[in-house]
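Throw the hints in and build the complete structure from the sequences for me.
Protein chains in written order, with my numbering: chain Z, 19 to 248; chain F, 507 to 984; chain V, 14 to 692.
Be aware that one or more of the hints could be misleading.
[Unchecked claim] When the alpha-carbon atoms are kept at most 27 angstroms apart in a straight line, the in silico DSS-like pairs for lysine-lysine are as follows:
(1) V/660 to F/960
(2) V/512 to F/960
(3) Z/78 to V/169
(4) F/856 to F/960
[Stated by the list, open to error] Label pairs and their computed distance ranges (CB to CB):
(5) F/576 to Z/198: 37 to 47 angstroms
(6) V/505 to F/928: 52 to 62 angstroms
(7) V/661 to Z/75: 53 to 63 angstroms
(8) V/67 to F/962: 27 to 37 angstroms
(9) F/603 to Z/217: 48 to 58 angstroms
No wet-lab data here; the hints were simulated from the structure.
As the structure is a computational prediction, the values presented were derived from the model and not from experiment.
Where is the CB? At the ideal position from N, CA and C, for every residue including glycine.
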Amino acid sequence: MAGAASTTVDQITSANQADTHTQGHYTTTGLDNRKIAIWAFIGSECMLFTSLISTYLIYKGRSLVGPYPHEPWTDPATKKVFPAILDIPVTSASTFVLLMSSLAMVLAHNAVVNADKPRTSIWQSSKLWLGLTAFLGAVFLCFQAYEFTSFVHEGLTIRTNLFGSSFFTLTGFHGAHVTAGVLWLLALLAIDFKRGLRPSDALAVDLSALYWHFVDVVWIVIFTLVYLIQ
Amino acid sequence: MPPSHRRWRPAATALLAVAALAALAACSPAPFFRGPNSIFTRYTETNRDVNGLFDSLFFFGTVVFVLVEALLLYAIVKFRRKPGQAEPKHVHGNTTLEVLWTAIPAVILIFIAVPTVRTIFRTQAKARPGALQVEVIGHQWWWEFRYPEYNITTANELYLPVGRTVNFALKTADVLHSFWIPALSGKRDLIANHTNFLWFTPDSVGAASWNGHCAEYCGASHANMKFRVYTVTPEQFASWTKGQQQVAAFGAVANAGTTSGPQTVGAPAAAAATAKQAGAGVRESGPRAGEQGLGDEAAARNNPVPTQPASGAGAAGNPNAAPTPATQAQQAQFANVPAGYTYPAASLPKHVRPSTPIPADLKRRVNMQLVGDPARGQQAFLSCIGCHYINGNPIAIGKIGPNLTHIGSRNTLAAGLYPNDTEHLRAWLKNSRAMKPGVTMPTLGLGETDPVTKQKVTVGGLTDQQIADLAAYLQALK
Amino acid sequence: MATIAAPTYAPAAAPPRVADEPTGLWSWLTTVDHKRIGTLYLFTSLFFFVWGGLEAAVIRAQLAGPNMTIVSAETYNQLFTMHGTTMVFLAIMPLSAAFFNLLIPLQIGARDVAFPRLNAFSYWIYLLGGIFITAPVLFHVAPDGGWFGYAPLTTKASSPGINIDFWVIGLQILGISTLAASFNFITTIVNMRAPGMNMMRMPMFTWNAFITQFLVMLAFPVITIALQFLIFDRFFGTNFYTTAAGADPLLWQHLFWIFGHPEVYILILPAFGMVSEVIPTFSRKPIFGYPVMVYATVLIGFLGFGVWAHHMFAVGMGPVADSVFALTTMLIAIPTGVKIFNWISTMWGGAIRFTTAAKFAIALVGMFTVGGISGVMHSSPPADLQQTDTYFIVAHFHYVLFGGSMFGLFAGIYYYFPKFIGRLMNERLGNWSFWTMFVGMNLTFFPMHFSGLLGMPRRIYTYDADQGYTLYNQLSSIGTAILIVGVAISLYNLVRSWKKGEVAGNDPWGAGTLEWTIPSPPPDYNFAELPRVTSRYPLWDVKAPALTREVPHSERGDRELEVQGPGALNGDHDVLGTADINPTGGPGPRGGAPVMANAMQRASERPGGRLPTARELGIPMPNPSIWPLVCATGVVVMFCGLMFLEKSTKLGVSVMVLGGLWTAASLLHWLTTPLEDAH
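This is the structure:
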């Protein structure tokens, strides 16, 4: 009886054997559970960033005191002049870096999917591309750190005015998400060095790639709405 | 085929139902909601508008309620399982029914939506020109009312002329509040960094008194943030405004800013002019949101009772000197000042007359035997000048608490919470924080325990005699 | 005409059990079994329901007459804040979560949820968060800003004490629990349905739960941000709600209600789903208009995001915004009304059996109608300016939350208790409880319609005499006492039936969905063989195929499924009288496969029978794990660190870092430990 039952289970799972996504378990859609979960997670993150971005936009132009993002401000009490805080050229560079990291992520995933094929060059190494993605992400974070500290020196802190509060909170949350992503990538990189990533690990890399691309898209939106549109 | 007379049964039932509904249509919910503060009144055009909407809402609501609950009751009675009953036929749906009971509610909603949108635009249009402008500034937990056209600042009691549209500009000095006079109008919130507007015309009401209440939770004494509204005849209103424009009826002295003698009263123009001068502070940039405010109030809440400076000091003419006690002549002069009209306390119906009891233990300590002297009370008022403004008292220029220029003529105390009489006034002065939880005004009575700081009042506390004097002074400020 | 025999069950001394079922405290702390987690949610939520009810009792005692002094103003303000917060976040939502946990895998024919350890984590975070936000009550520093905590009252400037700190952090913690659970259940419902269960064959409760999870997923991040802003303001001095810096208090209101309105649908939809299970079973008919019910619920979920500002009609948004939100609010009444009519139509022509569960479910239909009608009355802004912030609103939401959500969830308790404990609750006690609760609930909340329109504002710790609403307050307070008695009877019933109730058997009610095909209580693996589903009421199909002949079957859908049914290979399958199984797979003439293994059926009918274990059946089971609890504790420690920041930056930061490392370490263990042993 038990034997028949377990055969039954095998029969069900064998139907899905060809689909490596599901790791042998039966699923309704043929996708792994984690794939669906990450999309649900990304859905909630969309609402998270929508709330942050909306707040920034609502408070745009309503700060009672400066410094301001796009125009200079003179403090009526001290007569000190504060220039416009945002530095578009520098942030364009960091945006470019983040965009390139997404490209590296795509190549990393591709490398893992094809890991079983004979490798002909270093450009097919998942370690290279994973590492590069993480590195570029870290470079982006360094740009953010540089920006934030320079803003503070120029007189804008998270407490200064509505702009400071909403700007630093929005970009800070984004930076925290990038940091989490970088740590995730480094973890994958560590596994790659330890035992190597095989095509069966493609899902894990796919999940991190989805997350990474999402974080990148959010930055595009932030860059456009905060930096570019005045 | 049922017998012929039975065939009419469903039609008869339907007819009966229609008749019942028609009868219902004639009904209004108002008779079921009789009460002194009921919203189902028709004294203002806005409330009549809203009542019209309520009639419609209640009508449809009752129809739907009766229909649905009747269907439900019928179903559970008729389709009870009976012993030995066969399993019922499985019905999976009926498209026609689904369409019907989607479409019919939609149609009913149109009957509600159209008058709703019309009423929204009508009641939120700008107030008609010539409306009486009243500025309402909410504080924790009292109401500041200003009449900019008349240069009047008062607190907690609102006078409105019958038949004239009043347009309220609603602001707050601290947290959210909501301005609500149930019998006259719907409410509107007071929001920092916003000015909201609310208007209505009390056109179908005579001289009467109304309850107002804060309707947005605003902290400890939200329940105690009440106000009173008096709709009065235009003549009474004119008299009232004149009275409010006068300087304090007792002990007003030369204004520091002018060199002339005591304020003259007499010709209305002159009165207005002197009121303007003496009361320059009345229209000073008042508390804007965030400007004055929590910092001051919080500080006041935690500060100990200010000590009294020595009385009678200062040379005459020194603008910063303590006021010399009013001479007999001056007092006599002001005793003849025609006080403006105020709504008589005796005319207040039960629901407008506050009946909150004084906390029993405090009541026992209020000394009603002592006789108060207003002149001495004016001296003792030095404890209060940091927070309270009295027009004509050049050092009483505080703007944190209510304007007390005419407090003697108000019917209620502490934002509509207590009646304005000697006992309640003395109790309030003794320990306001025990009478109204969380207030900024510190406990003043010597030996009293402040419920907020939990400290006993020692240095600078008011003796019972001083309290009696202060109460007499305040009562003299008609 | 086919008749289904009245459900019979073997008069057994004890429900059947799996031999190797773990017991003891450790087994509960490490459980990843959705049924155990559901049981934990059930008991914890009922505890908080009682707690919140006691808070309400004190409130009603204070309001029983004018100018009463049973509690001080400060205490009262804490009480009404905590009553609302407790009932919404610690009672109703987790009680719904109890049913999500208990039911969803069974209803869709799965062995567990998609992420069992995440599931456990959700529970532990809820428990710890609940303790965190409730503990201050004992020290008289409970949150006192109202359950929707409007700024600027809740800013540091206006509320300098730690009361609000507990509130913001506690809610943040609880939000994590709910959000994580939503990812879990969305994945479970999308991806783990048994072969043949397409979306339009899912039971109504699972559908409602599914839509609820989407609402959670999209709404909770918004309140997360609203709370983050308040936390930043209070702890780090930012300016989101600082009016002196030009901030707009409406920011809080918009963010809160964009969450808050979907939240109230989150509170009611599971109860609606429960009613949609209970009424068909006890009417002996399937739900009327299943597709319409599904579409209506989807529409409610969707429209629920478009009505939030009807909570803000008094703030002066302007006539256009007022009109738009009035119209969307009226619109959402339509699909809700459709559901009411469909429920009535389900009963229509049925053979209603009035068990306690049925009574509660039918009462929901009646009570929610009242609440829904008053809701439509609020939808008209000019009329709402007289209703908002008065007891008329309090009446409305208690009708929909108590008469709606709680009645529906109580129906669920009476209906599903036999399934998960294996014993029936006592019907006589249930009857007493129901009627007492029904009378008590109406006596408490109906008079509030009058108090409100007679001028009584909300959230006042006392009122003066002669205002015209004293009588109604007295009635409400008497009603509360009756209500408490009613609830107490049900709780007593619950506890008593745990060990002494009549043994239930697989299907005491004669129901039609998958969960009733397995023993009560279900073994840890739920189904010995994953069932193959071909209709909405698989059990009715099997028991009385003549009645369900017209149940829609998608032949094309059945053909597209290539997975073979388990029964196809199990020759000895004629348990329930069906013989039309195609042994080579694919759909038979009816495709009706038996839905459980023979052995399980026979075992469950023996007194105190022994069910086969997972190992005997060759079913891999997830390993219990302590890491979800440890990780949850780490997260809470991290948040506690915030509370210490005021006292000492060093202490606060250290605790936060400690909590962070604790969380990270346990997360590492969790992620690197496989869920199941290799197989």
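Which of the listed hints are not met by the structure? Of the numbered hints, 2, 4, 5 and 7 do not hold.
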